[in-house]
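Trainee: The sequence shown: position 46 = 133 (our numbering), numbered continuously.
These aren't lab readings, by the way, just hints derived from the structure by calculation.
Be aware that one or more of the hints could be misleading.
Derived lysine to aspartate or glutamate pairs resembling EDC-like cross-links, with alpha carbons at most 16 Å apart [stated by the list, open to error]:
(1) K262 to D234
(2) K267 to E213
(3) K241 to E283
(4) K210 to E243
(5) K222 to D312
(6) K241 to E196
(7) K245 to E193
(8) K258 to D234
(9) K241 to E193
(10) K245 to D285
(11) K267 to D218
(12) K267 to E196
(13) K262 to E196
(14) K210 to D234
(15) K192 to D230
(16) K245 to D307
(17) K192 to D312
(18) K309 to E196
Here are the in silico distance ranges between beta carbons for each label pair [unchecked claim]:
(19) N176 to S147: 31 to 39 Å
(20) S224 to S279: 39 to 47 Å
(21) E190 to T273: 39 to 47 Å
Every residue, glycine too, gets a C-beta built ideally from N, C-alpha and C.
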Amino acid sequence: MSLSKISVFWIMAAAFSLLLSGCSTPRQSNSGAPVTQTTHQAKSATPTQSKEKPQPSQESKPTQIYLDPNPSAGSARPMPGVSLHLSVNDLRAQRFLLSIHHEGKEQAELITSANNVRQAIYKAVETNLEDRGIKLSDNAPNDLTIDIMALRSKAEQKPFSYVAIDQVILKATFKSAHRKVVRQYTASRRSSGSLEVDISQQQNQLNQTLNAVLTGLLTDHKLLDQDNS
């Protein structure tokens with residue numbers, strides 16, 4: 088074989104080998120290929136405060152009863168020039184003003200007074216006596232003592248209704264150089280309503296009952312008018 092033919096043969100063999108080498112290069116499978124994962128770090132969410140709708144303002148439920156007696160003693164006879172010593176004693180066995188008895192419960196809910204009961208009654212009587220021309224003095228020869236025997240309201244609370252009964256008892260003692268008079272004044276009032284006991288309403292009811300008793304005391308001609316000394 089001539090040299091030129093041998094050279095051509097090897098050139099062709101080399102080319103063929105390269106061709107086979109290029110065709111047989113294995114393709115890299117996707118499953119084995121390295122996967123570059125891009126991690127997106129979640130931004131920390133800024134806590135947003137939930138905006139609650141503003142609730143309508145509700146008045147707080149009263150927890151005490153305020154006594155503000157204002158008796159009407161316009162029919163009482165004027166007594167100018169009479170001097171009198173006035174005293175008021177609180178002799179109640181129970182010092183609360185309202186007891187609410189819930190059905191099925193042993194303990195009652197007790198509502199006390201927001202102000203001094205004795206002072207409230209004293210002020211109301213004092214104002215009416217002075218309007219009649221009576222002079223109040225600690226050294227007066229005449230003495231009027233008012234004892235608070237009972238002053239309360241009792242409510243029976245049921246699931247959808249209630250019944251309340253007020254009771255006021257005052258005892259008045261008048262002393263002078265000529266006589267002594269002891270009188271007792273009583274009034275009661277019944278009220279009812281739906282749902283639960285309204286403390287504000289019971290406050291009004293109890294004040295009205297107290298006004299009725301004080302009016303009876305201040306307009307009682309047998310208590311003061313017979314002694315004008």
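Trainee: Now tell me if each hint is right for this structure.
Mentor: Do the hints match the structure? See the list:
At roughly 14 Å between alpha-carbon atoms, K262 and D234 fall within 16 Å of each other, so this suggested pair holds. Taking the CA atoms of K267 and E213, the gap is near 20 Å; set against the 16 Å cutoff, the hint is violated. A C-alpha spacing of about 13 Å is found between K241 and E283, which places the hinted pair at or below 16 Å, so the restraint holds. Between K210 and E243 the alpha-carbon distance is near 32 Å, which puts this suggested pair outside the 16 Å criterion.
For the suggested pair K222 and D312, the alpha carbons sit about 15 Å apart, so the restraint of at most 16 Å is met. At most 16 Å may separate the alpha-carbon atoms for a hinted pair to count; K241 and E196 meet this at roughly 10 Å. A threshold of 16 Å between alpha carbons decides the hint, and for K245 with E193 the separation of about 13 Å falls inside it, so the pair holds. A C-alpha spacing of about 5 Å is found between K258 and D234, which places the hinted pair at or below 16 Å, so the restraint holds.
Restraint check: the Cα-Cα separation between K241 and E193 comes to about 14 Å, which is no more than 16 Å; the hinted pair holds. As the CA atoms of K245 and D285 are separated by approximately 13 Å, the hinted pair is consistent with the 16 Å bound. A hinted pair counts as satisfied when its Cα atoms are at most 16 Å apart, and K267 with D218 does not qualify at roughly 24 Å. Note on K267 and E196: the hinted pairing is violated, with a Cα-Cα distance of about 41 Å set against a maximum of 16 Å.
Note on K262 and E196: the hinted pairing is violated, with a Cα-Cα distance of about 40 Å set against a maximum of 16 Å. With a C-alpha separation of about 14 Å, the suggested pair K210 and D234 falls inside the 16 Å cut-off, and the hint holds. Taken as a hint, the K192 and D230 pair is broken in the structure, with Cα atoms around 46 Å apart against an allowance of 16 Å. The suggested pairing of K245 with D307 is violated, with an alpha-carbon distance near 40 Å, which exceeds 16 Å.
Of the pairs offered as hints, the one joining K192 and D312 is violated, with about 50 Å between alpha carbons and a cut-off of 16 Å exceeded. The suggested pairing of K309 with E196 is violated, with an alpha-carbon distance near 40 Å, which exceeds 16 Å. For the pair N176 and S147, the beta carbons lie near 34 Å from each other, so the given range of 31 to 39 Å is met. Hint check: S224 to S279, Cβ distance near 46 Å, so the stated range 39 to 47 Å holds.
As the Cβ distance of E190 to T273 is approximately 28 Å, the hint placing it in 39 to 47 Å is violated.
Checked against the numbered hints given earlier, the structure breaks hints 2, 4, 11, 12, 13, 15, 16, 17, 18, 21 and satisfies all the rest.
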